[in-house]
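There are 4 protein chains.
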Amino acid sequence: MSFNTFGRVFRFTTWGESHGPALGAVIDGCPPGLALSEDDIQPFLDKRRPGTSRFTTQRREPDRVKILSGVFDGKTTGTPISLMIENVDQRSKDYSEVAKAYRPGHADYAYDAKYGFRDYRGGGRSSARETAARVAAGAVARLAIPEVSIRAWVEEIGGDTIDPAKFDAAEIDNNPFFCPDADAAARWERLVDDARKAGSSLGAVIACEATGVPAGWGAPIYAKLDSELASACMSINAVKGVEIGDGFEAARLSGEANADPMRPGNHGPQFLANHAGGIAGGISTGQPVRVRVAFKPTSSILTPVETVTREGEAAEIATKGRHDPCVGIRGAPVVEAMMALVLADQKLLHRAQCGG
Amino acid sequence: MSFNTFGRVFRFTTWGESHGPALGAVIDGCPPGLALSEDDIQPFLDKRRPGTSRFTTQRREPDRVKILSGVFDGKTTGTPISLMIENVDQRSKDYSEVAKAYRPGHADYAYDAKYGFRDYRGGGRSSARETAARVAAGAVARLAIPEVSIRAWVEEIGGDTIDPAKFDAAEIDNNPFFCPDADAAARWERLVDDARKAGSSLGAVIACEATGVPAGWGAPIYAKLDSELASACMSINAVKGVEIGDGFEAARLSGEANADPMRPGNHGPQFLANHAGGIAGGISTGQPVRVRVAFKPTSSILTPVETVTREGEAAEIATKGRHDPCVGIRGAPVVEAMMALVLADQKLLHRAQCGG
Amino acid sequence: MSFNTFGRVFRFTTWGESHGPALGAVIDGCPPGLALSEDDIQPFLDKRRPGTSRFTTQRREPDRVKILSGVFDGKTTGTPISLMIENVDQRSKDYSEVAKAYRPGHADYAYDAKYGFRDYRGGGRSSARETAARVAAGAVARLAIPEVSIRAWVEEIGGDTIDPAKFDAAEIDNNPFFCPDADAAARWERLVDDARKAGSSLGAVIACEATGVPAGWGAPIYAKLDSELASACMSINAVKGVEIGDGFEAARLSGEANADPMRPGNHGPQFLANHAGGIAGGISTGQPVRVRVAFKPTSSILTPVETVTREGEAAEIATKGRHDPCVGIRGAPVVEAMMALVLADQKLLHRAQCGG
Amino acid sequence: MSFNTFGRVFRFTTWGESHGPALGAVIDGCPPGLALSEDDIQPFLDKRRPGTSRFTTQRREPDRVKILSGVFDGKTTGTPISLMIENVDQRSKDYSEVAKAYRPGHADYAYDAKYGFRDYRGGGRSSARETAARVAAGAVARLAIPEVSIRAWVEEIGGDTIDPAKFDAAEIDNNPFFCPDADAAARWERLVDDARKAGSSLGAVIACEATGVPAGWGAPIYAKLDSELASACMSINAVKGVEIGDGFEAARLSGEANADPMRPGNHGPQFLANHAGGIAGGISTGQPVRVRVAFKPTSSILTPVETVTREGEAAEIATKGRHDPCVGIRGAPVVEAMMALVLADQKLLHRAQCGG
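Protein chains in written order, with the numbering used here: chain A, 1 to 356; chain B, 1 to 356; chain C, 1 to 356; chain D, 1 to 356.
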């Protein structure tokens, strides 16, 4: 598998940098005959698009997607689907400070250590702009799994969590935080605003659920559904943790409390709980597939931080440019995309080995 | 990548079932010229071996490894290294109940849903016995990364955590729990004993640290070091969560509190903190690489749980056989092995693209 | 893909050396539910087995296969199938000469140049004994493509070709040369005997045909059916050329002469010719899939040949040990196996992307 | 590995159709720090470009390449290099006949059988226009192997072969046939012209040689250098045969005649012959690496050929559009590109496993 490719049969490769002319994705292995136009992709990009509220970076990118191949007569042909998004608002800026000193928490030092030099304009390849390409690819993946519905939301910002009792899926699109709890959304507005004004930043936890996944998807041992989801989510910029089902909480439960008992149901067993997050032995059980993802606070802050220059001298650096005060918020559509991409791949893998 | 293969250049494939004649691993891509004998592998298998204390399953397996290929004159030749471990104590047992009804929390139902039937003897391929093959492969991987030291320990059992102030690496091998805190080890003895006697089970959290990893390992975007570690760890039986560095805790910190400032050091920058767990932008920074892994309580408990039969009828099932009351304990050497396997692979990948 | 793994969904990994304790293959991705026992594999190994006539090496290997995993209740489970063949007749021999000087035409020098040293006993990993593992894996692949019949034969030895007019499939198993032309078989008996007695060696051309392959298998662009067959066949020891359909002869035909016209048929088009060898655009057309493979004469000859020692000094070397005077003969079952393995993989790949 | 991706570490993915807006390649795993601009790529595209003489298709494509990512400050960054070539001369044409009936020898029927429908404009994805993307990627690969020189030429057109005694490398670029024999070039002018005027077509054989390849590249068993070359070349449109070194001719030689004896040399052994084409045991020996590739005559001919319609009815079809009378000619730069791509990948693979 390539470094910049994900998936085994339904695969996508992304390319592009923050300040290059464009970025994109090539999807390979997509089933033929799926109705696909740019209008199927754009709404998902619009969700992730920066500059839509004061709570995200003020970079203005229309993020218009173009389909360059793989579609004929409005349908996927089974050949590679090339998607391109042109960068528009690569604001002319003085990058001399970033070029010279490493921003702590960013990939600056690591890229230099690995490659010997780096594209320092907006973080180059390490920028979260790369996730636009994932979201575009994810929109295509959704078409390959029409039986599945996927929904992500923000569960926690800066340590302030939603109240599960107030969960209302209809609220998720009613606020700029993908927050299912209207009260929490109100609190977060202040919280994020304060961080933004202070030039500080906040972390977040995203939850994502896929319903309609039939039992049987997942390829033990090293392509388990949960293993693939963990890889997919951990590859997102700023992510530091991934949980399936109850995750770390499960480690605190007794075997009795963590059980997901079954009863006879109409279509396979009816489960009485879902601590497992819809996955057992790396294979879907037919229950909702659930993942939780921790985003660290973005490392771009106004407070100067000690650092070193490329030449190894002491320095201080503060980030004045455009950035998200809470990068996790825009992580929600990205986690959704990764869920879709993993599930599409696993559906095809299952069909390859087991038919049907 | 195959379902049962992990890695990109330094790769291993495992095979075998709980109650088959043997299990094993084939390692491909190992550098030539490394001194390797069975004695380099056996100590790691002995750590994971069942039946060494009353806190693990009473299945008695010597877990003797045989090297069947890839070594000549005591050195690796660069060709595939085939490792085999014969199963010895596949106790003759009546599996009719397990064959008939699904054990909740186990892979039974999922395997049936996927493959149409399953090897129900001891869980077949879904048994944690598969991890013996990983540990054997991991021992070989260590030889490919002599610059790195890897150490895992148990940080929490059944919600009872170690006291970081009492952390003593020398204690880890002094108790049957890989516990670095002698007081916690004493408490856990009672805790696990109680669970065992009650036929209950407990979860655990494992921490693992790799020191000596140079800056520059990790292949963005979809073979990031953290993404690979997440995939590797989540593929271990019973794992439900993975964290890099501060993990979910990082989501609760401000950007200022989460920063890892740098100062000039003797060999590259000196970091003043390691919230990131030694990885930035998916690439190692030269700091210790840190991962935490949550193991759920084993689903095998004495208390009967509601379930369904293969024919879809209501039933109850309790697990009377041999099993670990806390499967996470023996997870420690497995997490170590996965860390070694990921790092060996990333070292080779880095060398491929960037030389040196 | 690993160095020692072939295939994308139906994959196999081989391991083992000529004079190690055993060799084997691990098959991953095999569909579940196929009836499989060692008796399904052994007949194919027996065809390739050395020592069955005076026209092959006199090494006596029973080549008994053992299934170590992946089968339960006589059926494949969908988990890795581990196959092992123990080496029995690793005749104790003085290898000092081979250890010291490079045999021209063998892999000796190349392995040393690559790995720094080599297992010189019988060629180590570069020995054609590795193909036993392929034949075993190929026997399993056949079970996954019951709609297909595969047959290979020897078409040419030492430049003496069969007469197409005398082609009789029933003859193929009636002589030690897999020769479909009884007259040619009689001639080859003298030819190969003469070469054997003179300590010389001969090349051969193998043809292989698969019937029953439905239209639609093959994954353009870089996993085309013909591209995969070329890779599979060229990886066999001593192979120097691969042709699909008319191969090099097609380059001499006009477009008119090379056409494969179609007429309406009962099940899809009826083709009036098969210059293409059953493949167009990398995809099967429903016609028989045809490949031809050129084997060079084995490099082991009694006549001393100029060479150099490991230390770079001039030397002469002659091969006195056991070897095949015409290694191409035993290539027939190996080419069959590779055809089966490629087709099984392509069947599954097609099912993954296109369903059905 | 994806269907449309080639390579293991130095990998490229191509996308695009004959009549889509553009086509391109994404290169992943390229070493960082290589000087790269569009000017390094364009000359190779110009060699393959259609419309440069009356012996190739009259489609007029400037084939201007754009680098969209992976380069900063004139150097490769180690991140994906996205190359795009816009289609310009997708002449408006009536495709109703091609849409309705299958052109024998083309991929039309096979694509329909596989995918259920097809992009019939100029052959869609099955068009040889895809090879422009390979040539662009190959130009980048050359930069990764500066120690290697690669040269391809046409050795045979329509059965008329060059005279080896008249081989003059300097002639190759002096005629529109990449022909190293001036006399043959003169003959071919008439030959190809006659075919073109008659609406007929001719096959060709391309030879390609890489010098400067050090001993040790190649990854046995299933990523052997020859196996990779075979796969790479057989994936080119219209290719039906691949030979390494003496190829099929080697099958007619005795072991003595086929030997490549060695003598002490200044840098490793000096070989006295190169029947093997520079590869032994799948690994380069330090001699020139030689491959020969057979191209069938293009299936587009003016003479009507029997065929069937999509509905299965009898029809006749003749190709009136623009096409190459001998598609093999423009195959020369494509074979060079594939040689470069395989060698770059093998260099990196060797470095991964064996260092240096």
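Warning: the hint list may mix true and false statements.
What the hints assert, rightly or not - Here are the simulated DSS-like cross-link-like pairs (lysine-lysine), alpha carbons at most 27 Å apart as the crow flies:
1) A/Lys-93 / A/Lys-75
2) D/Lys-93 / A/Lys-75
3) D/Lys-197 / D/Lys-47
4) D/Lys-197 / A/Lys-66
5) D/Lys-47 / A/Lys-93
6) D/Lys-47 / A/Lys-75
7) D/Lys-197 / A/Lys-100
8) C/Lys-75 / B/Lys-75
9) C/Lys-197 / B/Lys-75
10) C/Lys-66 / B/Lys-66
11) C/Lys-66 / B/Lys-93
12) C/Lys-75 / B/Lys-93
13) C/Lys-93 / B/Lys-100
14) C/Lys-93 / B/Lys-66
Note that these hints are calculated values from the structure, not bench results.
Hints versus structure:
1. A/Lys-93 / A/Lys-75: violated (42 Å)
2. D/Lys-93 / A/Lys-75: holds (21 Å)
3. D/Lys-197 / D/Lys-47: Holds, because 24 Å separates the two Cα atoms, which is no more than 27 Å.
4. D/Lys-197 / A/Lys-66: violated (41 Å)
5. D/Lys-47 / A/Lys-93: Since the Cα atoms of D/Lys-47 and A/Lys-93 sit roughly 40 Å apart, the hinted pair is violated (cutoff 27 Å).
6. D/Lys-47 / A/Lys-75: Distance of about 34 Å is beyond 27 Å: violated.
7. D/Lys-197 / A/Lys-100: Violated, at about 65 Å.
8. C/Lys-75 / B/Lys-75: Answer violated: C/Lys-75 to B/Lys-75 is near 38 Å, above 27 Å.
9. C/Lys-197 / B/Lys-75: violated (39 Å)
10. C/Lys-66 / B/Lys-66: holds (16 Å)
11. C/Lys-66 / B/Lys-93: Measuring from Cα to Cα gives roughly 24 Å; hence the hint holds.
12. C/Lys-75 / B/Lys-93: Judged against 27 Å, a Cα distance of about 21 Å means the pair holds.
13. C/Lys-93 / B/Lys-100: Not satisfied, since the Cα-Cα distance of roughly 56 Å exceeds 27 Å.
14. C/Lys-93 / B/Lys-66: holds (24 Å)
Violated hints, in rising order: 1, 4, 5, 6, 7, 8, 9 and 13; the structure is consistent with all others.
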